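Peer 1: Read in order, the letters of the first sequence correspond to residues 1 to 477 in our numbering.
Note that these hints are calculated values from the structure, not bench results. It cannot be assumed that every hint is accurate.
When the alpha-carbon atoms are kept at most 30 angstroms apart in a straight line, the in silico DSS-like pairs for lysine-lysine are as follows [unchecked claim]: (1) K62 to K207; (2) K315 to K334; (3) K465 to K425; (4) K466 to K439; (5) K302 to K369; (6) K398 to K441; (7) K199 to K441; (8) K425 to K207; (9) K439 to K459; (10) K418 to K466; (11) K199 to K418; (12) K84 to K135; (13) K398 to K55; (14) K55 to K225; (15) K466 to K415; (16) K395 to K27; (17) K315 to K383; (18) K425 to K205; (19) K26 to K395.
Beta-carbon label-pair distances, calculated as ranges [as the list claims (entries may be wrong)]: (20) E29 to D132: 42 to 50 angstroms; (21) Q301 to Y70: 49 to 57 angstroms; (22) E394 to E452: 15 to 23 angstroms; (23) Y33 to D85: 33 to 41 angstroms.
Being a predicted model, the structure only gives us computed values, none of them experimental. Cβ atoms here follow ideal geometry from the backbone N, Cα and C, with glycine treated the same way.
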Amino acid sequence: MAKEKLVTAITSMEDDFAQWYTDVVKKAELIDYSSVRGCMILRPNGYAIWENIQKELDRRFKETGVENVYMPMFIPESLLQREKDHVEGFAPEVAWVTHGGNEKLQERLCVRPTSETLFCDLYSNIVQSYRDLPKLYNQWCSVVRWEKTTRPFLRSMEFLWQEGHTAHATAEEAEERTIQMLNVYADFCEQVLAIPMIKGRKSDKEKFAGAHATYTIEALMHDGKALQSGTSHNFGDGFARAFDIQYTDKDNKLQYVHQTSWGLSTRIIGAVIMVHGDNSGLVLPPRIAPTQVVIVPVMQQKEGVLEKANEVKEKLSSVASVMLDDSDKSPGWKFSEHEMRGIPVRVELGPRDIANNQAVLARRDTGEKVTVSLDNIAEEVTKLLDDIQNSLLEKARKHRDAHTYTATSMEEFEKTIKETPGFIKAMWCGDEACELEIKEKTGATSRCMPFEQEEISDKCVCCGKKAKTMVYWGKAY
RNA sequence: CGGGGUGUAGCGUAGUUUGGUAGCGCGCAGCGUUCGGGACGCUGAGGUCGCAGGUUCAAAUCCUGUCACCCCGACCA
1 MAKEKLVTAI TSMEDDFAQW YTDVVKKAEL IDYSSVRGCM ILRPNGYAIW
51 ENIQKELDRR FKETGVENVY MPMFIPESLL QREKDHVEGF APEVAWVTHG
101 GNEKLQERLC VRPTSETLFC DLYSNIVQSY RDLPKLYNQW CSVVRWEKTT
151 RPFLRSMEFL WQEGHTAHAT AEEAEERTIQ MLNVYADFCE QVLAIPMIKG
201 RKSDKEKFAG AHATYTIEAL MHDGKALQSG TSHNFGDGFA RAFDIQYTDK
251 DNKLQYVHQT SWGLSTRIIG AVIMVHGDNS GLVLPPRIAP TQVVIVPVMQ
301 QKEGVLEKAN EVKEKLSSVA SVMLDDSDKS PGWKFSEHEM RGIPVRVELG
351 PRDIANNQAV LARRDTGEKV TVSLDNIAEE VTKLLDDIQN SLLEKARKHR
401 DAHTYTATSM EEFEKTIKET PGFIKAMWCG DEACELEIKE KTGATSRCMP
451 FEQEEISDKC VCCGKKAKTM VYWGKAY
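Based on the sequences and whatever the hints tell you, model everything.
Peer 2: Below, the structure is given as structure tokens:
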């Protein structure tokens, strides 16, 4: 396509997907690298996407009764070590503060890699009675994990996220909340980010350090790799016992609370890029696009063009977030630039259009152009944005389904993962040894045990023993 | 942490083999002509050649060390 020849700034996906990703992230000006290894700078284009994600999710959280708080970023070493599995899971990637000014600290402080311990400490102080429950807290913050290798959005040493932490009177209530929040994530991803998710439970090997059960939403990227996009954990009363979080129930008996935590990070932006992006750059679903419509005037120095463009902007601003690009670049340059940034709809407006009381609408996802009357441009744009949102989800679903395979033998498994990367549905006996062997042989890990089970066979794909569960497998980011 | 690669103007790079005045394209600034898929002309600004040592009359170039980033792997909510 002629179009693609022009944008030489971006490596094509087919040539080198990793390089394509890096190019998009940079050229769309989502991030820049910083002077600290593994830490990225979120630039306005990138941060605005996160702000929209925050806005949408925060509203959905609050609809379920969640309240926001803010916890300190430092955790005393003794507190971190309270729960054994938890500290073992996180210790290798924790950053430590050892000095305050020139003085060595009595006790090291860790920079939070996650805040379970802080919330537990708080709950142990503020929960006394069953009347104090449930506690449904969330915080928006950054966390630090000393990663060995990093990639923008997908894995950085410091990243933005939200972490919800709840405490409940009963195990049932905690389990219900865990699933409820997983559903909030999945609905958000489908409806707003146009990314279809597989919902399911993690195997013991893959579950969160200290969790009783971990649930996950898994998405398939354009290159056939899986991305864990959000998790929801049920802690049972494990943390409560370690942190002594007890309440008095109606019968005046001491009980431990049951807890959950759930998180979603800027990593999800990586998913948006890798699910919807194409060789011209980023493709943003309208519902999170900071700018939904860009107006590109043609012959803008001509009498009346900019005036008309401003009129159209005014008209559209009631139905979408609109930007008028009246910079003195050529129209063609602007076309490519805004495509690179993923703006869903472009309005082209020149003297020819104005004479005919019309404008050209170009959609980012398909490149298709239509001419519409200026009289009902607001309605047309609204419809178009909706249509783009829907077809992005549809396209992503088709891609995922087309790259979801089944395997009933290891030969089939290995061949599929090698030749046609994607999700593989295969039966599993439940033994961790088989999980390890599959990883060893194929590089694929168990992504989740989906809620929607199918009986592909009655034997474990690895050992041939009686199968317990169908598992989605895949190579993961 | 292992393997590989790359560091020269904001970006992309030539020059390194064989040491000898740092060059080109894009971008940037000014002026003019342009404008329906990255327009063009003229003029101009911009460089501690990643950093630190060493060899030499002379180092982007050779030697030693070091740092950063990218890719693959290992590890990893």
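Peer 1: If a hint holds in the structure, say so; if it doesn't, say that too.
Peer 2: Cross-check of the supplied hints:
no.: 1; hint: K62 to K207; result: 27 angstroms, holds
no.: 2; hint: K315 to K334; result: 22 angstroms, holds
no.: 3; hint: K465 to K425; result: 17 angstroms, holds
no.: 4; hint: K466 to K439; result: 20 angstroms, holds
no.: 5; hint: K302 to K369; result: 23 angstroms, holds
no.: 6; hint: K398 to K441; result: 28 angstroms, holds
no.: 7; hint: K199 to K441; result: 26 angstroms, holds
no.: 8; hint: K425 to K207; result: 19 angstroms, holds
no.: 9; hint: K439 to K459; result: 18 angstroms, holds
no.: 10; hint: K418 to K466; result: 26 angstroms, holds
no.: 11; hint: K199 to K418; result: 25 angstroms, holds
no.: 12; hint: K84 to K135; result: 24 angstroms, holds
no.: 13; hint: K398 to K55; result: 28 angstroms, holds
no.: 14; hint: K55 to K225; result: 28 angstroms, holds
no.: 15; hint: K466 to K415; result: 23 angstroms, holds
no.: 16; hint: K395 to K27; result: 24 angstroms, holds
no.: 17; hint: K315 to K383; result: 15 angstroms, holds
no.: 18; hint: K425 to K205; result: 18 angstroms, holds
no.: 19; hint: K26 to K395; result: 25 angstroms, holds
no.: 20; hint: E29 to D132: 42 to 50 angstroms; result: 47 angstroms, holds
no.: 21; hint: Q301 to Y70: 49 to 57 angstroms; result: 51 angstroms, holds
no.: 22; hint: E394 to E452: 15 to 23 angstroms; result: 19 angstroms, holds
no.: 23; hint: Y33 to D85: 33 to 41 angstroms; result: 34 angstroms, holds
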